[in-house]
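Using the sequences provided together with the hints, build the complete structure.
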Amino acid sequence: MTGLIISIVIVVVIVIYVISIYNNLVKLRIRRENAFADIDVQLKQRHDLIPQLVNTVKGYMKHEEGVLTKVTEARSRAMSATGIDNKIMAEQQLSTAMAGLRIQIEAYPDLKANTNFMHLQTEISDIENKLAAVRRFFNSATKELNTAIQVFPNVIFAGMFGFKTAAMFELGDERAAATKAPDINFN
1157 MTGLIISIVI
1167 VVVIVIYVIS
1177 IYNNLVKLRI
1187 RRENAFADID
1197 VQLKQRHDLI
1207 PQLVNTVKGY
1217 MKHEEGVLTK
1227 VTEARSRAMS
1237 ATGIDNKIMA
1247 EQQLSTAMAG
1257 LRIQIEAYPD
1267 LKANTNFMHL
1277 QTEISDIENK
1287 LAAVRRFFNS
1297 ATKELNTAIQ
1307 VFPNVIFAGM
1317 FGFKTAAMFE
1327 LGDERAAATK
1337 APDINFN
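Under my numbering, residues 1157 to 1343 are what the sequence shown spells out, in order.
Some hints could be false.
Straight-line C-alpha distance at most 30 Å; calculated BS3-like pairs for lysine-lysine [what the hints assert, rightly or not]:
#1 K1286 <-> K1226
#2 K1200 <-> K1218
#3 K1286 <-> K1320
#4 K1299 <-> K1320
#5 K1286 <-> K1299
#6 K1243 <-> K1214
#7 K1183 <-> K1218
#8 K1200 <-> K1320
#9 K1268 <-> K1320
#10 K1200 <-> K1299
#11 K1214 <-> K1268
#12 K1226 <-> K1200
#13 K1243 <-> K1226
#14 K1286 <-> K1214
#15 K1183 <-> K1243
#16 K1286 <-> K1268
#17 K1226 <-> K1268
#18 K1200 <-> K1286
#19 K1183 <-> K1299
#20 K1226 <-> K1320
#21 K1200 <-> K1214
#22 K1200 <-> K1183
#23 K1243 <-> K1286
#24 K1183 <-> K1320
#25 K1268 <-> K1183
#26 K1243 <-> K1299
#27 K1226 <-> K1214
#28 K1286 <-> K1183
Here are the in silico distance ranges between beta carbons for each label pair [as the list claims (entries may be wrong)]:
#29 V1311 <-> N1270: 52 to 58 Å
#30 V1174 <-> S1281: 23 to 29 Å
#31 E1300 <-> A1269: 43 to 49 Å
#32 N1295 <-> K1214: 33 to 39 Å
#33 S1232 <-> N1285: 20 to 26 Å
Honestly, the hints are just simulated from the structure, not real lab data.
A virtual CB, placed ideally from N, CA and C, is assigned to each residue, including glycine.
Here it is, written out as structure tokens:
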């Protein structure tokens, strides 16, 4: 009889432990999803400003239609993306297209002096700063989830419950462009 009681207690303790692992993983996944919701708000604001920026730039950059088309297409893909991983990939492409636009804008001093353009640039810069902050929080939540999934004994149960490591929100090509030293030619 004592052996049966000990066996039942051991099973109950194991079940409670597994339930706590599951609940912790769910809590971390929800935290990551909420962090991405904060990113989504900033992305929506950025998406709303891009058409205004493209329209302001169009008059000055008649010969750069390809760059504007890339930005518009990337924005469209980013707005229609579903799921966190697809949105991250689409936003990386949009950020790359926007970086290309910023490079082209440098060749148009009259455009940089336009007050409407300057106002839009300031708004986009503010949104980019807010995005950087919420992206850091999202990546922190993602690291926390990934760590919880990969540590022992969670790794045993995480797979059984369908938890997988999640992607970070990296800048991709934009990071490479930002860290690359500019080419300077005095000829």
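Holds or violated: K1286 and K1268, Cα atoms, limit 30 Å. At roughly 23 Å apart (the allowed maximum being 30 Å), K1268 and K1286 satisfy the hint.
Does the alpha-carbon distance linking K1200 and K1286 stay inside the 30 Å limit? 12 Å, holds
Holds or violated: K1226 and K1268, Cα atoms, limit 30 Å. 21 Å, holds
Supplied distance hint 23 to 29 Å, evaluated on CB atoms of V1174 and S1281: Given range 23 to 29 Å: violated, Cβ gap about 48 Å.
Does the alpha-carbon distance linking K1299 and K1320 stay inside the 30 Å limit? Satisfied, since the Cα-Cα distance of roughly 12 Å is no more than 30 Å.
Pair hint K1183 and K1299, alpha-carbon separation not exceeding 30 Å: 14 Å, holds
30 Å limit on alpha-carbon distance, applied to hinted pair K1183 and K1218: 51 Å, violated
Take the C-beta atom of E1300 and the C-beta atom of A1269, compute their distance, and say whether it sits inside 43 to 49 Å. Hint holds: Cβ distance 46 Å, inside 43 to 49 Å.
Is it true that the CA of K1226 sits at most 30 Å from the CA of K1320? Violated. K1226 to K1320 sits at ~33 Å, over the 30 Å cutoff.
Does the beta carbon distance between N1295 and K1214 stay inside 33 to 39 Å, or does it fall outside? 35 Å, holds
Hint check: K1243 vs K1226, CA-CA at most 30 Å. Holds or violated? 17 Å, holds
30 Å limit on alpha-carbon distance, applied to hinted pair K1243 and K1299: 18 Å, holds
In summary, the numbered hints that this structure violates are 7, 9, 20, 25, 30.
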